[in-house]
Amino acid sequence: GAGVSQSPSNKVTEKGKDVELRCDPISGHTALYWYRQSLGQGLEFLIYFQGNSAPDKSGLPSDRFSAERTGGSVSTLTIQRTQQEDSAVYLCASSLYRGRSTNEKLFFGSGTQLSVL
Amino acid sequence: GDSVTQMEGPVTLSEEAFLTINCTYTATGYPSLFWYVQYPGEGLQLLLKATKADDKGSNKGFEATYRKETTSFHLEKGSVQVSDSAVYFCALPNAGGTSYGKLTFGQGTILTVHP
Chain A
253 GAGVSQSPSN KVTEKGKDVE LRCDPISGHT ALYWYRQSLG QGLEFLIYFQ
303 GNSAPDKSGL PSDRFSAERT GGSVSTLTIQ RTQQEDSAVY LCASSLYRGR
353 STNEKLFFGS GTQLSVL
Chain B
45 GDSVTQMEGP VTLSEEAFLT INCTYTATGY PSLFWYVQYP GEGLQLLLKA
95 TKADDKGSNK GFEATYRKET TSFHLEKGSV QVSDSAVYFC ALPNAGGTSY
145 GKLTFGQGTI LTVHP
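Residue numbers (our numbering), protein chains in the order written: chain A, 253 to 369; chain B, 45 to 159.
Read the hints as simulated data drawn from the structure, not as lab findings.
Errors might be hidden in some of the hints.
Now the in silico label distances, taken between C-beta atoms and shown as ranges [said to hold, decoys possible]:
#1 B:E60 <-> A:G303: 41 to 51 Å
#2 A:G255 <-> B:T72: 17 to 27 Å
#3 B:T56 <-> A:L291: 12 to 22 Å
#4 A:Q332 <-> B:E60: 47 to 57 Å
#5 A:S257 <-> B:D99: 31 to 41 Å
Distance condition first, Cα-Cα at most 25 Å in a straight line; then the derived SDA-like pairs of lysine to any residue [to be verified]:
#6 A:K309 <-> A:S290
#7 B:K100 <-> B:Q125
#8 A:K357 <-> B:R111
#9 A:K357 <-> B:A71
Bear in mind that the values here come from a model prediction, so they are computed numbers and not experimental data.
Cβ atoms here follow ideal geometry from the backbone N, Cα and C, with glycine treated the same way.
For reference, chain B alone in the conformation it holds in the complex (with noise of 0.2 Å):
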């Protein structure tokens, strides 16, 4: 079935740092990709997504790009902030599944930037 492996954390980074969290899919087909974020004491919200092969997704100041060919959808800061401390998670639409809400996410990845 389709599974979505995401870097371990925690990650510990001061601030402007540069970030990356690897997540790498298995799925069937070319499904759409997301990352989510959950703040501290909040409900997960949509970061980005991108839709097929070579799409960027990019908010707040973070990208992502569906690479094929290599079936992963890294996430990236130039510089993250205080503010982006948070978990990450990695996700994609369940293969079959009567709603793309249905969906397959990674472990999920702690962040945390120190001042």
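In isolation and in its complexed conformation, chain A is listed as follows (with noise of 0.2 Å):
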């Protein structure tokens, strides 16, 4: 597809149980962010991904918090032990640069909304 695709769009998950978060990203785009938006917090940075590699998992707010990027493309998000502060709008954004260039640009997804109850 043309844009940054994120699957499920809405996700109802139980207190305690993993998820996986999966974002497409534009093809060629080496750069990838996944993001976090809630009413309390706004939007968040999680991590960055330059290829698969991860040189910035800052953002990640617990040990329960992992993401991996294969090929190059597709990342998937996981939650383990889902908690109710999880419930947020998680959203991915890729770009075409490496490194710190004022032209870059970021192309978001939709998000995918995650509901803990």
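Got two chains here, each in a separate frame; can you build the complex from them with the hints?
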């Protein structure tokens, strides 16, 4: 597709269950980001991938959160033992650029709405 | 650390009204500044940017000027349309981050434009 694709668009889970959220970036985009959007905290950076490696994981809120990227393309964000405070919209973004460039432009997906009951 | 303070919303306007959404920032040095927009049911998209002091970013009739003296980057549009109804986010790159895509966002301002 032409844009960043995320699945599922909505996920309802029970407290304590594990969930996997998927992001399919724009073809050829080497940089991939995960953000979280919640009512209380706004938009927060979670993790940054360049290719398959993650030089910046500083935004992951706890060790229950992990992410991987394979083949320099699809990424999966995994949340183990979900808690109610994990309820949020998880956004994925991708871009062409490597490193620090003022021309970097992020393209965002529509997000996954996660609800933990 | 770096931070962005954005005008609290929601903002409700009639079509053709003038729009201002205030944004001020605290940052090390002089970072690039961005406005992103999120239309209903869609992902965020870059609206405009400015990379240095006194730069004016513009797109789709929206403008914002990078004011170093007042550490501000207010978003303006002279005549809003119903189709401008969306959530607007001011943002800057995280200082010391490995990438310009690691952004610090403001809280977002919901804009609703009525016919």
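Verification of the supplied hints:
no. : hint                         : result
1   : B:E60 <-> A:G303: 41 to 51 Å : 48 Å, holds
2   : A:G255 <-> B:T72: 17 to 27 Å : 33 Å, violated
3   : B:T56 <-> A:L291: 12 to 22 Å : 20 Å, holds
4   : A:Q332 <-> B:E60: 47 to 57 Å : 51 Å, holds
5   : A:S257 <-> B:D99: 31 to 41 Å : 33 Å, holds
6   : A:K309 <-> A:S290            : 19 Å, holds
7   : B:K100 <-> B:Q125            : 22 Å, holds
8   : A:K357 <-> B:R111            : 22 Å, holds
9   : A:K357 <-> B:A71             : 20 Å, holds
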